[in-house]
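Here the protein sequences line up with chains A and B, keeping their order.
All letters in the first sequence, in the order written, are residues 700 to 1097 by my numbering.
All letters in the second sequence, in the order written, are residues 4 to 283 by my numbering.
Fair warning: there could be bad hints in the mix.
Which residues of chain A face chain B? A partial, calculated answer using Cβ under 7 Å [stated by the list, open to error]:
| no. | residue |
| --- | --- |
| 1 | Val709 |
| 2 | Gly713 |
| 3 | Phe798 |
Under the rule of at most 25 Å between Cα atoms (straight-line distance), these lysine-lysine pairs were calculated in the DSS-like manner [claimed, not checked]:
| no. | chain 1 | residue 1 | chain 2 | residue 2 |
| --- | --- | --- | --- | --- |
| 4 | A | Lys804 | B | Lys108 |
| 5 | A | Lys819 | A | Lys830 |
| 6 | A | Lys881 | A | Lys867 |
| 7 | A | Lys999 | A | Lys1033 |
| 8 | A | Lys971 | A | Lys1055 |
| 9 | B | Lys108 | A | Lys830 |
No lab work stands behind these hints: they were computed from the structure.
Glycine is no exception: its CB is placed at the ideal position from the N, C-alpha and C atoms.
Here are the chains, one letter per residue:
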Amino acid sequence: MAGIQLKNLVKKYGDGFPAVNDVSIDIADGEFVILVGPSGCGKSTLLRMIVGLEDITSGDLMIGDKRVNDLAPRERNLAMVFQNYALYPHLTVYENIAFPLRLAKTSNEEIDRLVRDASKTLELDEHLDRKPGNLSGGQRQRVAMGRAIVRQADAFLFDEPLSNLDAKLRGQMRTEIARLQKRLGITTVYVTHDQTEAMTLGDRVAVLKRGLLQQLASPRELYENPGNLFVAGFIGSPPMNFLPAEVDGTSVKLPFGSVEIPADKAEKVAGKGLLIAGIRPEHFEDAAIAEQQGSASTFKATVEVVEWLGNETYAYIPFEAPPEVEAQLRQLEKDLDGEALRTQLVVSLDGSSRIKESEEAEIWVDAAKMHLFDPATGENLTVDLAHAGEIPANALVS
Amino acid sequence: MSRMLKKLGMPLGVLLILVWCLLPVAWIVSLSFKDAAAVTNGTSPGFFPTDAFAGWDNYRAAWDNEQFRRAILNSLGISLISTFLSVVLATLAAYAIARLEFRGKKLVLSIALAIAMFPVVALVSPLFDLWRTLGLYDTWPGLILPYMSFTLPLAIWTLSAFFREIPWEMEQAAQVDGATSWQAFRKVIVPLAAPGVFTAAILTFFFAWNDFVFGITLTSTENARPIPAALSFFVGSDPFNRPASLLAAGAVIATVPIVLIVLVFQRKIVAGLTSGAVKG
Chain A
700 MAGIQLKNLV KKYGDGFPAV NDVSIDIADG EFVILVGPSG CGKSTLLRMI
750 VGLEDITSGD LMIGDKRVND LAPRERNLAM VFQNYALYPH LTVYENIAFP
800 LRLAKTSNEE IDRLVRDASK TLELDEHLDR KPGNLSGGQR QRVAMGRAIV
850 RQADAFLFDE PLSNLDAKLR GQMRTEIARL QKRLGITTVY VTHDQTEAMT
900 LGDRVAVLKR GLLQQLASPR ELYENPGNLF VAGFIGSPPM NFLPAEVDGT
950 SVKLPFGSVE IPADKAEKVA GKGLLIAGIR PEHFEDAAIA EQQGSASTFK
1000 ATVEVVEWLG NETYAYIPFE APPEVEAQLR QLEKDLDGEA LRTQLVVSLD
1050 GSSRIKESEE AEIWVDAAKM HLFDPATGEN LTVDLAHAGE IPANALVS
Chain B
4 MSRMLKKLGM PLGVLLILVW CLLPVAWIVS LSFKDAAAVT NGTSPGFFPT
54 DAFAGWDNYR AAWDNEQFRR AILNSLGISL ISTFLSVVLA TLAAYAIARL
104 EFRGKKLVLS IALAIAMFPV VALVSPLFDL WRTLGLYDTW PGLILPYMSF
154 TLPLAIWTLS AFFREIPWEM EQAAQVDGAT SWQAFRKVIV PLAAPGVFTA
204 AILTFFFAWN DFVFGITLTS TENARPIPAA LSFFVGSDPF NRPASLLAAG
254 AVIATVPIVL IVLVFQRKIV AGLTSGAVKG
């Protein structure tokens, strides 16, 4: 077992396009790190660079204390689970799991012991003599994991391992992977585009956008202190609301009215003119239900659509954004693989809220949790750097 | 009525095609069991030998012929060796073509196709001269070489199509699991491409076994003469009166290896062997 260090890794393809651009991540021994981002952000490329299936254009890749840039995949002693499992269809489940051991010339008794160990862990015992073709998706997934855990690899690499499973199985396998990783205590790098997987599995999450590392932090830090508009919009579902905002002293003027923010945040954004305010849906509440707190303000707005989900209610409130803010929001939407919808506020209210569609409602907002972003660069001006993990200086170059 | 027709149409059509295809073969088999004299005199014109039935006499006579046995041996040896060499070379070449990006890849493929389309007859006389100069005339290598050059292109095309079907991840997974490129090729790719390898092997073997043009022009003695050419030299005591029943028996014997090989390899050509490799 060993830690993995990525030092200024760059991957350029023939046309000079940097698929991975100057990414540095220090993965501690036994840590579970998630690489997450929209499609085309370079997360899979980065993983394949670690395992050795893609050449590294520049930078250093260290496993333990050894620089492994020029080593072939088989010399790196890493185990990988592929997105489509890549099982050997001509071999039985037993032989699939035993494959790495046979290559390592392990003795037959040892192989038998290790394979049966792995199959017991993954509950594959009754399938050992079957061929992968006769297994279900979840079983194939477990065989692929068995092949990874059977040998003493320095680290596990997962490339979107659950994306081919249906929703229920995905949930089960997610817990399974978490349990397995905790038990084996092995360094793990896991690529996904699913933010539930990212938030629940990772000790730390690296958010990537077009080859650039945006932020590397724990799930909670990412959620509460996103480094920029992209991270703020990517993490969280439904996503954070972005509104045009003008700051005057400690009062912030939003499309629906003015709210008060704490003095320390106001200080950071003093004299910046037009900004983008980011407020998560759950920081709103129906004023009739909300327990009033010090920093909270209320405003009145007409609710266009209400979605009642039982435990909570989503209310949609359209608003007009000035052109410079709108342009930035559309670009953000594009970066996030989304459709450019019209600007609207999504608020998550308590399920007991009686707000109706097309009615004016009084909404309470916890403005203390608000973040303010620079509309030109997307930088979060109110980020609490002590609790935001690592935000690379080059995150916003694009 | 029309429903009857519909029901009978299919088996009737199949029967018709079977008769069309197999009648000549069946007639040869029938001839091979007839008495030589009866065939010459035309006393037994029917399909079934009946009173002219000669039992295994013709077969025994054909097999007792030293030249015939020698020709069978030549054919077997030459066909098997050229099949083996051709398939091994084609497997390696096709793998490179399917997996590697190199300059002139298109050129290699188009030249291979051009060779496959080249008329065999046009090559025969130059080869005759060349082989005599090089001392390859009337030898096994003298036949193996042209067979290989004509079967390689087809084998390469067939196999590269098979290799392209195998997902890249198979190899990458093997490499991550600790295999060298060669081990990944041998333990993962070749077993997966087995149906393709056997298809190529059968096609190559058929070409070599059935060839007549090279066999008759590039040989002069039983040293290397293969069975199709040898059969044409199979003359009895009377040159104007060729032993048709004996020839028929020889032809039937010459067909046996082909039938055996198809039966053996057919089991190996199982389509969809890669199913289950990846989710899909």
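* **Unmet hints by their number, sorted upward, for this structure** => 1, 2, 4, 7, 8, 9
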